[in-house]
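A.B. asks: Residue numbers (the numbering used here), protein chains in the order written: chain A, 1 to 210; chain R, 1001 to 1210; chain G, 2001 to 2210.
Since the hints were made in silico from the structure, they are not lab data.
Since the structure is predicted, the reported quantities are computational estimates derived from the model, not experimental observations.
Heads up, the beta-carbon is just placed ideally off N, CA and C, and yes, glycines get one too.
Honestly, I wouldn't trust all of these hints.
Claimed, not checked - Partner residues are not named here, just some residues of chain A that face chain G (Cβ under 7 Å, in silico):
hint: 1; residue: V39
hint: 2; residue: V65
hint: 3; residue: W67
hint: 4; residue: L78
hint: 5; residue: F81
hint: 6; residue: H84
hint: 7; residue: A86
hint: 8; residue: V142
hint: 9; residue: A143
To be verified - Derived DSS-like pairs (lysine-lysine); straight-line CA-CA distance at most 30 Å:
hint: 10; chain 1: G; residue 1: K2112; chain 2: A; residue 2: K112
hint: 11; chain 1: A; residue 1: K112; chain 2: R; residue 2: K1112
hint: 12; chain 1: R; residue 1: K1112; chain 2: G; residue 2: K2112
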Amino acid sequence: MQLTTAFVALLELVGTFAFAISGAVVAVRHRLDLFGVLVLSFAAATAGGMMRDLLLGATPPVSLVDWRYLAVSLLAGLLTFFRHSAVERMHNPVQLFDAIGLGLFAVLGAGKALAAGLGPVGAVMLGVVTGVGGGIARDVLVAQIPHVLRRELYAVAALAGAGVVVSGDALGLPAAPVAVAGAVLCFTLRWLAIRRGWRLPVAGDSGAPD
Amino acid sequence: MQLTTAFVALLELVGTFAFAISGAVVAVRHRLDLFGVLVLSFAAATAGGMMRDLLLGATPPVSLVDWRYLAVSLLAGLLTFFRHSAVERMHNPVQLFDAIGLGLFAVLGAGKALAAGLGPVGAVMLGVVTGVGGGIARDVLVAQIPHVLRRELYAVAALAGAGVVVSGDALGLPAAPVAVAGAVLCFTLRWLAIRRGWRLPVAGDSGAPD
Amino acid sequence: MQLTTAFVALLELVGTFAFAISGAVVAVRHRLDLFGVLVLSFAAATAGGMMRDLLLGATPPVSLVDWRYLAVSLLAGLLTFFRHSAVERMHNPVQLFDAIGLGLFAVLGAGKALAAGLGPVGAVMLGVVTGVGGGIARDVLVAQIPHVLRRELYAVAALAGAGVVVSGDALGLPAAPVAVAGAVLCFTLRWLAIRRGWRLPVAGDSGAPD
Chain A
1 MQLTTAFVAL LELVGTFAFA ISGAVVAVRH RLDLFGVLVL SFAAATAGGM
51 MRDLLLGATP PVSLVDWRYL AVSLLAGLLT FFRHSAVERM HNPVQLFDAI
101 GLGLFAVLGA GKALAAGLGP VGAVMLGVVT GVGGGIARDV LVAQIPHVLR
151 RELYAVAALA GAGVVVSGDA LGLPAAPVAV AGAVLCFTLR WLAIRRGWRL
201 PVAGDSGAPD
Chain R
1001 MQLTTAFVAL LELVGTFAFA ISGAVVAVRH RLDLFGVLVL SFAAATAGGM
1051 MRDLLLGATP PVSLVDWRYL AVSLLAGLLT FFRHSAVERM HNPVQLFDAI
1101 GLGLFAVLGA GKALAAGLGP VGAVMLGVVT GVGGGIARDV LVAQIPHVLR
1151 RELYAVAALA GAGVVVSGDA LGLPAAPVAV AGAVLCFTLR WLAIRRGWRL
1201 PVAGDSGAPD
Chain G
2001 MQLTTAFVAL LELVGTFAFA ISGAVVAVRH RLDLFGVLVL SFAAATAGGM
2051 MRDLLLGATP PVSLVDWRYL AVSLLAGLLT FFRHSAVERM HNPVQLFDAI
2101 GLGLFAVLGA GKALAAGLGP VGAVMLGVVT GVGGGIARDV LVAQIPHVLR
2151 RELYAVAALA GAGVVVSGDA LGLPAAPVAV AGAVLCFTLR WLAIRRGWRL
2201 PVAGDSGAPD
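Pulled out of the complex, with its shape left as it was, chain A reads as follows (with noise of 0.2 Å):
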């Protein structure tokens, strides 16, 4: 039990990493200088938490008492800064960690709201929120209308991982390998959406949406 949650921690913290990295490289596109970089790494990586535990009334934030955030935001941030033209180039493992992030944050995310007492609906939304919110904040930031409400199966990606969360505890499954298996078919959606270009109606299509 001590080793999955420990093996959580380090996941989340490459969830973190993988998605300080997405906002460093925006904010390197729109020629922000050091400090906004660094600003939009953080945001980009702690944003959607942060929202959750604001509106959970879980203050403060666990990114603002726990430096590894931080530290990891920051080791993303300045790595992308001083080795851009690399980061640039790997874009296929970026994509890769923000879909394993994706997949953890929604996860985590819908499990400590069920724990703080909310239902399903709004545990279901909290997931989604701690999944998406980062990079909302991020787009929002660059001033930019937010990729995850107009990209392929970005969010409905989030949605189903924290789905099978909530219906695994109100089927009264074990937390863990439901977890598990929210954060895998999340994963798998984003990654799946990725190669295969799925993308979300948009209305007025030539073609019938859905």
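Take the given structure of chain A and dock chains R and G to it, following the hints.
C.D. replies: Relative to the frame of chain A, chains R and G by itself:
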């Protein structure tokens, strides 16, 4: 009294629906995908109340606990997505619902702030936040300057409605009729502003600003 | 000691006034109406402190409870709206007040976070948030990339000021002189950066960054 509560709850859901329609219409115009449309529906309908609840420390916000807010928002979003040309045509009914929602949200927000022990200035401000917060979130998410910051007497109407509630409370008047009066005043101001093109001055206009 | 508290409160209102002026100037330049100008004044002046209070769970935020924040913000907004050509001409005094406000807000924010029991890393971060949050909210509301993410040493100055407060606390030094030192350091860094055009590096500049 029970009747009044049920009636207020009904009107609040009507306002939620109207604000959700406005969010979905903006999302379709910006060619967001289906998920993006649903997110903007929910954000436009609930962000004002969420900001109010966060600022009051009333967590988790009611829109995460009561599933009807989500259900009404999703219904409005799906309707707009699959019938957007019909929704675009009924421009005036949308503005009518939106003005009703503004009046109700401003009055209910101010009342909730007073009940939480906030002073008169803070309660008026939270009434305005409840009324206009959803429209601000909606526009920030599509990288636009919020319409409420430059449209005809939108926020001023919310200010008037919230002001009536806070004044009535200070004078010890009964809450229910005061709330109705505030909502009617807000609605009337907003509706007249739309019909007659009333607007606030902009600095540097050739005419002297009021 | 009473004198010190009154003096800090006075300076905090001076900082609020200066930040409110910056918000109003941006609003007038984007041709917002009178209400939009007042909203941006208040947002620029209080959003940093509101974010700090929300993240600490100190609700409702002080700027909703103490009416003087609103009064000072409205005064600055009205002044800018009706005398905007005069305000535009006194560019340097505005920057001076803004630098004073930055120093005070960064130091007071870090101090409030320490008093709430946050660790050193979190306290420095909340000092920075208090100092730069208003400028970020102001720029997001007019759909611009926040200046603080790409301007000369703005946030680094806040970081230095907050860092002095947290270091002094860790060393057990008396709070008042440490706070003054932090505010003076922040102000001096910011002021020198303006006068001499100091800036942080941007990734990919021809010269090696840093």
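A.B. asks: Are any of the numbered hints broken by this structure? If so, which, sorted upward?
C.D. replies: Structure breaks hints 4 and 7.
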